[in-house]
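K.L.:
Taken in order, these protein sequences are the chains called A and B.
Taking this note's numbering as reference, the numbering of the first sequence is continuous, increasing by one, and the terminal residue is 843.
Taking this note's numbering as reference, the numbering of the second sequence is continuous, increasing by one, and the terminal residue is 331.
Among the hints, a few may not be true.
Said to hold, decoys possible - Derived contacts from chain B toward chain A, CB cut-off under 7 Å, selection only: (1) Gly-36; (2) Phe-40; (3) Glu-146; (4) Lys-147; (5) Arg-154.
No lab work stands behind these hints: they were computed from the structure.
Every residue gets a Cβ at the ideal spot worked out from N, C-alpha and C, and that includes glycine.
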Amino acid sequence: MEDTQHSAHISHPTSMDADALPARERILRLRQRHLDTPCTASIDRLRIETRIMKQTEGEPMALSRAKVFAAVCSEMPIDIWPDELIVGHAGPRPLCRDVIPDDCAVLLKGQRLASLMVDTIEYGLADFDPACQKELIEDIAPYWRGGGRWEKTQTGANLQALPDYLKDLLFLDAGDFPPKQSMIYTPFFISGGHYGHNAAAYPEILEKGLQGIRRDVADKLAALSPDDAAAKSFLEAAFLALTATENAGRRFAGRARKLAAQEQNRQRKDELEKIAAICERVPAHPARTFHEALQSIFLAQVFINWETPNIFSQTAGRIDQYLLPYLEADLTRGALTPEDAQELLDCYLIKLNHVNRGNHLAVGGYTACGRDATNMLSCMILESMKHIRLAHPFISVLISPRTPQKLLVRAAELSALGTGHPVYLNADVLTTQMLARGSAGGAPVTLALARTATPVGCYEPVLMGLDSGYFYGGYFNLAAVCELALTNGASRRYKKRIGPETGDPRAFADFEEFRSAYKAQLSFMMKHFSAATDIFERVTADLLPTPFESSLIKDCIARGKSREDGGARFNFRTVIGAGSSDAGDSLAAVRKLVFEEKKISMDDLCRALDADFAGYDDQRRLLCAAPKFGNDSDEADEQAAWVSHLFAEEVARQKDTRGGHAVPMGAPLQYYMFGGWAVGALPSGRKAWQPLADAWSPSAGCDVRGPTAILASMAKIDAAELTAGVTLNLRFDPEIFRSRDGMTRFAAFLRAFADQGIFQVQLNIIDTETLRRAQKEPEKYRDLVVKVAGYSAYFTQLIKPLQDGLIARTQHKL
Amino acid sequence: MNDLRGIIYGIERFSLHDGPGIRTLVITKGCPLSCRWCSSPYTQSPKPEVLYRQSDCTGCAACAAVCKNRAITFDKASASVKTDRTLCSGCGECVAACAQAARELAGRYYTPEALLREVEKDEAFYRRSGGGVTVGGGEPTLQAAFVAGFLDLCRENHFHTAMETCAFAPWERFAPLLEKLDLVYIDLKHMDDKTHRAWTGASNRRILDNLQRAARQNDVIVRIPVIPGFNDSVDNISESAKFVKSLGNHVARLELLPYHLFGIHRYAELERGYALSSIPPLSDEQMANLRDRARTAGIAVEIGG
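Construct the complete structure from the given sequences, taking the supplied hints into account.
P.N.:
So, in structure tokens, the structure goes:
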């Protein structure tokens with residue numbers, strides 16, 4: 030098989046557990062088909078959306094949206110691949126990105142769509158067939174362009190709602206459309222997108238079926254006071270949407286039946302007939318078997334994607350907990366063999382590559398009453414991931430003191446495959462983060478609920494079926510804040526003042542005055558961030574309510590409100606920090622060299638930074654040699670911890686517009702590169718426009734004392750107050766996994782990491798040589814999966830600077 | 027406490043080749059042997075030494091200007107500097123003066139307490155992995171009093187302790203350390219005294235004797251660095267294995283360490299030549315063959331460490 034060429038470089042450890050089952054031929058074929066399928070884009074859904082939006086102009090938005098969804102349910106093209114046992118997909122076919130209204134302006138401008146939605150795709154107008162191009166230009170785009178400023182799209186509506194002073198801070202040129210962000214002020218959703226980032230009430234879907242939930246909506250509607258018009262239209266919309274899903278299930282059943290009729294192979298014919306029977310039943314009605322349960326939650330997720338295209342991080346959550354009863358019942362009554370169960374699970378995991386990105390399955394952790402939650406399904410999920418070795422879903426192992434060694438060793442075996450899976454999360458920190466939400470201004474979370482939190486996307490913890498987190502409060506550039514504190518508020522990249530006047534740094538009497546300036550710049554920026562995000566949140570609520578998805582989140586039905594409008598029990602927004610290590614390292618360098626040792630004057634420092642160190646080699650050498658975060662040096666670590674804490678505190682002061690609050694997060698994804706492009710030279714010795722440190726990880730190449738020293742530095746950061754999580758990237762030499770003894774030591778490393786109160790660690794277990802070879806011969810390494818910044822991606826599809834960034838990450842040897 | 031000090035080349039955290047679990051390896055500086063294949067020449071001298079990377083040097087001669095001992099001379103032709111090692115006191119002034127970081131000071135003095143502060147940083151990892159602290163080198167027994175003081179502190183903190191030694195030390199100096207160790211790695215370089223002298227500069231009698239005595243009281247792992255042309259003959263390996271067998275049950279196993287070239291660039295940094303530079307390492311098959319021969323003595327034998 031062609032794709033296994035790179036895998037040959039990686040020693041696949043033989044499994045240490047006799048009960049681990051090998052991947053079946055079917056799974057290998059499905060995997061290969063997935064890898065061979067090109068990523069495309071389509072206007073099929075947008076065509077439906079445009080037609081219905083035109084027809085329903087003037088109706089309440091929730092109803093219009095429900096009608097769009099209903100039409101998508103009955104018209105969206107569907108596909109069933111050979112070999113599939115679980116069926117469904119976002120878009121009109123697997124790996125096809127739906128074009129959304131906001132894309133029209135981009136395409137018409139001659140730009141290409143780039144999105145992680147279906148891994149990496151670059152798709153321009155010319156890539157569509159001529160009829161579609163014509164339709165897009167003549168029929169579809171004019172509707173969304175409206176009066177000329179695209180005000181029917183989210184991007185246009187956002188811009189219209191923004192006051193000029195915010196536009197000035199946010200954009201390089203507010204007159205451009207879509208405008209280019211400054212990369213210093215970067216609240217999200219400037220250019221389309223939606224909440225995503227959630228785990229719907231899947232257990233309830235399994236138990237009641239979508240039609241059971243529809244009955245709840247009907248009951249609520251019947252009891253509603255007649256003058257509550259807003260609730261009435263939302264609930265009517267939810268009713269309509271839930272009704273439409275039954276039709277969608279039947280369409281999959283019909284398709285399967287039709288394929289069965291044509292099928293010559295007896296076994297496949299039976300499989301297709303079974304698929305038909307299952308799709309006839311679920312997710313409309315309660316699931317009775319493991320197979321039905323998997324298909325039910327998967328189709329429900331597909332429908333969420335159909336309602337809101339191009340979203341991230343919708344997640345099935347802790348399936349090892351809520352699917353276990355179905356598996357056990359089937360095994361007990363002999364309806365399913367363990368081998369068949371593993372195969373079904375493998376099929377399901379492959380299918381998670383055909384819906385939104387950022388799917389995240391978690392295994393292990395705590396039960397609601399604080400016991401170890403590990404079970405046979407936890408191990409089977411890790412096994413499935415070994416079988417499929419694809420970028421998705423993301424998998425995390427929730428580690429607690431009660432986690433059995435077997436789970437950790439199974440996880441280490443998966444790590445050893447070098448796919449960047451799984452991510453390791455600290456179950457105790459996760460629980461504390463949930464409890465801390467209450468103390469940081471959010472609605473209190475009970476202990477039992479806190480223990481059942483599930484990671485979505487990279488690892489953002491949410492409460493399944495109860496949360497509506499708006500994960501787009503923006504990327505907050507903590508390194509830029511440092512620059513502003515040393516320039517009296519002026520940006521070197523944009524050559525204008527964007528922060529308050531905190532004084533000429535040459536006049537700072539001591540280090541504390543510098544930190545006060547840092548704090549003042551940060552507070553100012555945060556306030557304006559928040560103001561912009563308030564506006565985007567309201568625009569989303571008005572323009573893009575989700576009657577279907579909202580009915581799968583608790584209290585939306587009871588309150589008669591969408592998740593976008595504050596219907597969910599828990600509401601919050603995240604603000605994502607970036608460059609905390611750069612800021613910490615810079616503060617540490619200024620403290621040591623300018624104020625303590627006085628080896629560099631503030632004047633020289635400012636000139637050196639202005640000149641990007643040209644002519645200041647000696648100063649730069651001193652700055653580079655100053656203590657850096659990630660080496661267990663208190664001098665540096667305490668400054669990074671101070672920045673992290675200040676950021677967390679300032680975020681927690683902000684409220685959202687839905688009765689919730691703001692929560693801090695340390696997962697800037699690939700923004701660490703873009704954010705770097707906007708920041709000049711820093712006192713850490715980093716040169717102008719270079720990438721920032723990846724998330725809360727040490728700056729590339731600055732961690733020279735090994736992984737335990739990084740963890741020790743990381744342990745000084747208060748992970749629990751970063752309530753939406755924080756990323757730590759490590760790269761290990763694959764050598765450690767070549768022996769059983771190495772596996773055991775790796776498991777011990779994981780336990781010690783959890784002992785330190787660190788939230789998350791993600792690993793790339795690929796040697797530098799392999800990455801270099803993959804850069805040179807990408808065609809041979811198409812299935813090389815790496816962790817970039819909390820998410821997994823195919824290495825060869827990453828842009829060159831990101832590839833280089835991964836290679837530069839210090840590799841921890843033995 | 028007292029002013030006991032030891033010279034340490036480096037501290038390696040997350041070391042996985044020097045004993046059970048996750049360990050911190052303390053690399054002492056100074057060795058009584060001068061093995062021709064030595065892969066860590068910067069640990070031979072018991073004094074601080076300046077390492078010099080010519081590739082990073084711009085020939086600015088700032089180092090020569092600050093040298094109080096006039097040990098550094100500037101060579102115009104190659105636009106680089108030379109250090110007369112007999113004049114160098116290892117004060118490190120030239121390292122601080124180098125804007126290119128082309129010079130590095132190898133060797134730092136620690137008190138046992140200061141060293142403990144470094145190794146206790148990874149206690150969480152020792153506890154979880156059954157790991158601990160390994161003192162290697164260099165040769166720890168050259169600084170026996172300092173190492174003993176440090177090992178006492180480790181034991182007070184309940185860290186597992188191991189030592190890697192060439193065992194070339196008077197028994198009176200060696201024995202007190204053994205009492206403080208949970209595990210000892212002892213190198214066995216050659217069974218023949220004449221060959222041993224020729225390649226290491228010292229007799230093997232004391233080593234063999236110390237090995238026998240240590241194995242009566244300590245858990246020991248014997249290591250043979252397998253050097254092509256020196257000790258890789260089947261005869262020598264077989265004889266070594268028989269000797270290890272004779273040591274009794276305290277010896278957990280014999281480890282054959284393949285010869286490698288990872289350290290040779292360090293010779294250049296010390297402005298020295300390397301005696302074995304043209305010798306290729308043994309193949310995996312050759313190593314496996316030696317391992318299998320050694321196993322016929324009836325002992326556990328592994329490759330690597």
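K.L.:
It remains to establish, for every hint, whether it holds in the given structure.
P.N.:
Taking the hints in turn, this is what the structure says about them:
For the restraint placing B:Gly-36 at the interface with chain A, the shortest Cβ-Cβ distance is roughly 10 Å, beyond the 7 Å limit, so the hint is violated. For B:Phe-40, the interface hint holds, the least distance from its beta-carbon to any beta-carbon of chain A being 4 Å, beneath 7 Å. Checking B:Glu-146 against chain A: minimum C-beta separation of about 11 Å lies over 7 Å; hint violated. Hint status for B:Lys-147: holds, given a least beta-carbon distance of 6 Å to chain A, under 7 Å.
Taken as an interface hint, B:Arg-154 checks out: its beta carbon lies about 4 Å from the nearest beta carbon of chain A, inside 7 Å.
Consistency note: the structure conflicts with the earlier hints numbered 1, 3.
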